[in-house]
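Turn these sequences into a full structure, and let the hints steer you where they fit.
Listed here are the chains, written in short residue letters.
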Amino acid sequence: MWIEIGIAAIKSLVVLLMVLQLAGALGWVERKGSALIQDRIGANRAGIPLFGTNITLQGLINTLMADPLKMLTKEDVVPHGVDRLLHTLAPLVTLFPALVTFAIIPFGDVLVVGDREINLQVARLDVGILYALAMVSLGVYGVVLGGWASNNRWSLLGGIRGSAQMISYEVAMGLAVVSMILLYGTVDLQTMAHEQGHLIGGWLPGWGILYQPLAFVIFLTAGIAESKRVPFDLPESESELVSGFFTEYSGSKHMMFFMTDFIEVIIVAGLGATLFFGGWQVPWLYRDGFHLPGGTLIELPNLVVALLQVASFTIKVLVLCWFQIMVRWTLPRFRYDQLMNLGWKGMLPLALANVVVTAIAVLLVQDA
Amino acid sequence: MSLGVFVVLALFILGSALGVILARNPVRSAMCLVMTLFFLAVLYLFLDAHMVGTLQVIVYTGAIMVLFLFVIMLLNLQTDPEESSATTTLSAAGGLCALFVGLLMYLVGNVENVPEPARDGFGSIQSVAEALFLRLMLPFEITSVLMLVAIIGAVVLAKRKIQ
Numbered sequence: 130m131w132i133e134i135g136i137a138a139i140k141s142l143v144v145l146l147m148v149l150q151l152a153g154a155l156g157w158v159e160r161k162g163s164a165l166i167q168d169r170i171g172a173n174r175a176g177i178p179l180f181g182t183n184i185t186l187q188g189l190i191n192t193l194m195a196d197p198l199k200m201l202t203k204e205d206v207v208p209h210g211v212d213r214l215l216h217t218l219a220p221l222v223t224l225f226p227a228l229v230t231f232a233i234i235p236f237g238d239v240l241v242v243g244d245r246e247i248n249l250q251v252a253r254l255d256v257g258i259l260y261a262l263a264m265v266s267l268g269v270y271g272v273v274l275g276g277w278a279s280n281n282r283w284s285l286l287g288g289i290r291g292s293a294q295m296i297s298y299e300v301a302m303g304l305a306v307v308s309m310i311l312l313y314g315t316v317d318l319q320t321m322a323h324e325q326g327h328l329i330g331g332w333l334p335g336w337g338i339l340y341q342p343l344a345f346v347i348f349l350t351a352g353i354a355e356s357k358r359v360p361f362d363l364p365e366s367e368s369e370l371v372s373g374f375f376t377e378y379s380g381s382k383h384m385m386f387f388m389t390d391f392i393e394v395i396i397v398a399g400l401g402a403t404l405f406f407g408g409w410q411v412p413w414l415y416r417d418g419f420h421l422p423g424g425t426l427i428e429l430p431n432l433v434v435a436l437l438q439v440a441s442f443t444i445k446v447l448v449l450c451w452f453q454i455m456v457r458w459t460l461p462r463f464r465y466d467q468l469m470n471l472g473w474k475g476m477l478p479l480a481l482a483n484v485v486v487t488a489i490a491v492l493l494v495q496d497a
Numbered sequence: 003m004s005l006g007v008f009v010v011l012a013l014f015i016l017g018s019a020l021g022v023i024l025a026r027n028p029v030r031s032a033m034c035l036v037m038t039l040f041f042l043a044v045l046y047l048f049l050d051a052h053m054v055g056t057l058q059v060i061v062y063t064g065a066i067m068v069l070f071l072f073v074i075m076l077l078n079l080q081t082d083p084e085e086s087s088a089t090t091t092l093s094a095a096g097g098l099c100a101l102f103v104g105l106l107m108y109l110v111g112n113v114e115n116v117p118e119p120a121r122d123g124f125g126s127i128q129s130v131a132e133a134l135f136l137r138l139m140l141p142f143e144i145t146s147v148l149m150l151v152a153i154i155g156a157v158v159l160a161k162r163k164i165q
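Protein sequences appear in the order of chains A and G. FYI, the numbering for the first sequence is 130 to 497, going by the working numbering. FYI, the numbering for the second sequence is 3 to 165, going by the working numbering.
Please note that a few of the clues may not be correct.
Covered stretches of chain G, going by a simulated chain A footprint (3 or more residues, C-beta under 8 Å) [said to hold, decoys possible]:
#: 1; segment: 22-32
#: 2; segment: 56-62
#: 3; segment: 71-78
Below, computed lysine to any residue pairings styled on SDA-like, alpha-carbon distance capped at 25 Å [as the list claims (entries may be wrong)]:
#: 4; chain 1: A; residue 1: Lys-474; chain 2: G; residue 2: Ile-23
#: 5; chain 1: A; residue 1: Lys-474; chain 2: G; residue 2: Val-151
#: 6; chain 1: A; residue 1: Lys-474; chain 2: G; residue 2: Val-61
#: 7; chain 1: G; residue 1: Lys-161; chain 2: A; residue 2: Leu-468
Here are some chain G residues pointing at chain A (derived, C-beta under 7 Å) [to be verified]:
#: 8; residue: His-52
#: 9; residue: Val-68
#: 10; residue: Ser-126
Honestly, the hints are just simulated from the structure, not real lab data. Glycine included, each C-beta is placed from N, C-alpha and C at the ideal position.
The structure is reproduced here in structure tokens:
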């Protein structure tokens with residue numbers, strides 16, 4: 130029993146730290162990436178002076194050391210007239226659901242240690258992906274509370290916009306997930322990843338995106354809207370609302386909102402990879418090794434297989450994160466009515482139609 | 003579910019429920035209601051009703067209460083400055099509580115057959131789906147039509163031109 134608890138604790142710790150590390154690293158990717166996209170140099174000043182040189186590590190020192198240190202040691206300004214309790218609570222309420230969502234995302238199949246098979250997923254719940262939807266839906270409270278408790282008109286407007294936007298796009302996201310549940314016939318993410326191991330025509334990996342490209346577009350769009358990034362950053366909207374719902378936050382509280390932004394990007398990438406890109410699947414790699422299309426079998430020990438799977442999942446997550454960052458630095462911001470029109474009149478009917486078509490197709494295939 | 007877990011959860015639920023009616027500030031009241039609904043969901047999880055607990059979070063905590071907060075913020079409701087008359091409130095609350103406790107005692111005294119403990123797989127998605135879509139298909143469809151009528155009614159009422 131103690132061994133099980135120990136394994137669970139290690140898995141949670143590893144996943145939590147990896148997500149936090151990646152969130153920090155994404156801050157660097159966003160800075161340097163945006164510089165690349167906009168033909169600038171990007172963060173290149175802050176560094177460690179050593180032997181007469183300035184070690185900047187391509188801006189890594191700036192994003193991973195200088196910025197967090199600055200944020201953590203800054204004065205925590207709480208303006209006059211705020212609701213102190215809710216103002217303090219808001220960043221925590223934002224960060225918590227984002228951090229716990231990754232618990233159900235599988236990052237590998239099984240790792241065999243001795244005679245013990247360790248499922249490479251922090252928690253295998255029987256409600257599966259519904260848990261992720263539940264946690265995503267809790268994320269809106271931080272935005273609402275931050276906006277309201279700040280006692281600032283801009284913040285309030287940002288909070289109101291945020292709540293309406295996140296509720297609207299949750300519907301489309303949920304429906305995109307429903308079509309994937311119909312396709313795989315399960316809500317369990319580990320089973321979904323297993324299902325995507327089959328081959329189409331004996332050589333093409335049967336990943337979800339081949340069956341549901343529309344659901345992927347809807348899922349990713351709704352995911353970007355849920356993480357409130359450009360082109361859906363109306364709750365923040367710095368050209369009109371100063372900084373939206375987190376205008377009145379400074380220091381480490383501001384950093385929590387900032388981190389949540391990147392953690393949500395990672396969650397959208399993780400869920401997207403699991404639902405649409407085979408999760409930890411490596412093409413033709415199964416538990417005992419590579420089964421190449423020609424019929425050749427390259428046997429591999431379990432540890433190598435598990436490591437390859439984790440690497441494959443990580444690469445997929447990184448690619449999807451990079452894609453979201455590219456979107457953020459490519460598209461201009463929507464107007465608020467455009468945002469609502471796209472959500473309710475564009476994506477919702479599309480997602481509904483997709484669910485109906487998928488259901489009919491699944492029924493026909495079952496009968497055939 | 004062990005008694006200790008139940009007592010702790012019940013204290014959380016009662017505490018946050020009291021917060022709903024005692025807080026003077028509407029947003030704090032609403033947040034207390036969010037907490038009540040969230041802890042209720044946790045209670046469902048401990049009672050093996052995983053599906054119901056998760057749906058409780060998605061629907062009530064994550065959607066309905068957000069709309070409550072949205073309306074409160076949109077109308078910009080302020081803290082209630084008026085002290086309401088303590089005697090009237092207390093006597094009304096006391097009367098209702100006495101009635102509720104009386105009914106509860108009556109019910110507990112008249113329990114005839116204690117239901118069996120939940121079977122394996124109770125509350126899982128499969129068992130809920132089986133009940134909804136196989137055994138109770140007709141009531142389920144009728145309920146969904148009823149909700150559709152309510153939604154259409156709300157839209158019609160909201161769209162009506164004010165004379």
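So, going through the hints one by one against the coordinates:
1. 22-32: holds (count 3)
2. 56-62: holds (count 4)
3. 71-78: Result for this restraint: holds, n = 4.
4. A:Lys-474 to G:Ile-23: Measuring from Cα to Cα gives roughly 39 Å; hence the hint is violated.
5. A:Lys-474 to G:Val-151: holds (21 Å)
6. A:Lys-474 to G:Val-61: holds (22 Å)
7. G:Lys-161 to A:Leu-468: Status holds; Cα separation ~21 Å.
8. His-52: holds (5 Å)
9. Val-68: Holds. Min distance 5 Å.
10. Ser-126: At 5 Å from the nearest chain A Cβ, G:Ser-126 passes the 7 Å test, so the hint holds.
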